[in-house]
Amino acid sequence: MGRSIGLSCVTSGYAIVLYDINDDIPAKARDIMNKKIDKMADFGMMPKDKAESFKNNITATTDLAAAGADADVVSESIPEDPDIKGDFFAELNKVCPARTIFTTNASSLVPSMFADKTGRPEKFLAWHFHPGFKLVDVMGHPGTSPETVETVQRFSELIGHSPIVLKQEKAGYVFNSLLNPWFLAALNLASRDIASPEDVDRSWKEITASPLGPFEMMDYVGLETVWRITDFWAKKRNNHQAKLSADLLKKYVDRGELGMKTGKGFYDYTQKKSPGES
140 MGRSIGLSCV TSGYAIVLYD INDDIPAKAR DIMNKKIDKM ADFGMMPKDK AESFKNNITA
200 TTDLAAAGAD ADVVSESIPE DPDIKGDFFA ELNKVCPART IFTTNASSLV PSMFADKTGR
260 PEKFLAWHFH PGFKLVDVMG HPGTSPETVE TVQRFSELIG HSPIVLKQEK AGYVFNSLLN
320 PWFLAALNLA SRDIASPEDV DRSWKEITAS PLGPFEMMDY VGLETVWRIT DFWAKKRNNH
380 QAKLSADLLK KYVDRGELGM KTGKGFYDYT QKKSPGES
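The sequence shown begins at 140 in our numbering and counts up one residue at a time.
Certain hints may be false.
Label-pair ranges, simulated between beta-carbon atoms [stated by the list, open to error]:
(1) Asp202 <-> Ser284: 25 to 31 Å
(2) Arg238 <-> Asp177: 32 to 38 Å
(3) Lys389 <-> Ile217: 38 to 44 Å
(4) Asp338 <-> Asp226: 40 to 46 Å
The calculated DSBU-like cross-link candidates involving lysine-lysine, where the alpha carbons are at most 35 Å apart (straight line), are [what the hints assert, rightly or not]:
(5) Lys309 <-> Lys233
(6) Lys187 <-> Lys174
(7) Lys189 <-> Lys175
(8) Lys389 <-> Lys400
(9) Lys233 <-> Lys187
(10) Lys178 <-> Lys403
(11) Lys309 <-> Lys344
(12) Lys309 <-> Lys187
(13) Lys389 <-> Lys344
(14) Lys175 <-> Lys309
(15) Lys403 <-> Lys175
(16) Lys344 <-> Lys256
(17) Lys306 <-> Lys178
(18) Lys174 <-> Lys194
(19) Lys174 <-> Lys306
(20) Lys306 <-> Lys273
(21) Lys375 <-> Lys306
(22) Lys189 <-> Lys174
(23) Lys194 <-> Lys403
(24) Lys390 <-> Lys273
(25) Lys187 <-> Lys344
(26) Lys256 <-> Lys375
(27) Lys306 <-> Lys374
(28) Lys233 <-> Lys374
(29) Lys390 <-> Lys256
It should be emphasised that the hints constitute simulated quantities derived from the structure, not laboratory data. The structure displayed is predicted, hence computed values, not measured ones. From the three backbone atoms N, C-alpha and C, an ideal C-beta is built for every residue, glycine too.
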């Protein structure tokens with residue numbers, strides 16, 4: 140997700156820095172983004188010279204101090220764990236200028252869970268993107284300043300996205316608050332062996348005329364992401380059924396079957412070209 144956010148920023152004329160603790164990931168991410176920019180130019184979506192200038196605005200590093208030294212906005216997309224996120228922002232706070240706004244792309248957590256660790260809670264909020272779509276959620280916590288919300292809302296528009304500003308914190312934002320119960324209902328049926336994933340999807344699609352069923356959508360999102368969210372809330376709420384659902388997902392995650400990105404999840408995409416396709 141970080142690459143997608145970065146691509147929106149850099150193709151809107153902003154310089155970006157890609158950071159990760161793993162040595163090879165930032166450079167690989169930059170290479171992937173460069174190839175996407177080249178393809179956009181090949182399809183006439185931008186002039187060739189503009190594509191080159193965009194690519195020159197991408198820096199990749201594993202040095203946190205270098206990454207944060209001149210940042211105006213930081214977007215974080217690391218694992219869905221409040222302790223991991225909080226510790227990261229605590230370190231980032233040591234190297235970023237006082238002006239820097241910190242944002243999290245967390246899917247299921249709310250910013251107040253780790254706002255204090257950022258060292259600048261008034262300049263911290265959730266900035267949540269949806270892969271492949273322009274919609275973006277802007278969600279502060281009780282300590283976020285109105286100026287920070289307004290700045291991130293305006294910046295979202297400047298990079299070509301359509302922001303929704305939430306009036307208060309809500310785990311899952313708007314769309315995921317609708318999506319997650321749908322996933323859990325489907326996982327409930329499969330984990331209790333009431334119906335197969337295929338039959339759950341078929342039931343949903345035939346009645347609603349939707350192109351995707353819930354298990355196909357989970358494959359699209361990524362089963363490791365769905366598992367982390369389900370497992371986190373199962374433990375936090377001590378929910379037995381959610382634990383069964385998380386255990387079902389974990390079997391796929393442990394096998395490296397994460398959905399479309401790995402070619403196999405609930406469905407085998409070496410045989411099935413895309414979700415919703417027979």
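Practice task
Please flag the earlier hints that this structure goes against, numbers listed from lowest up.
Solution key: The structure breaks hints 3, 9, 12, 16, 17, 19 and 25; every other hint is satisfied.
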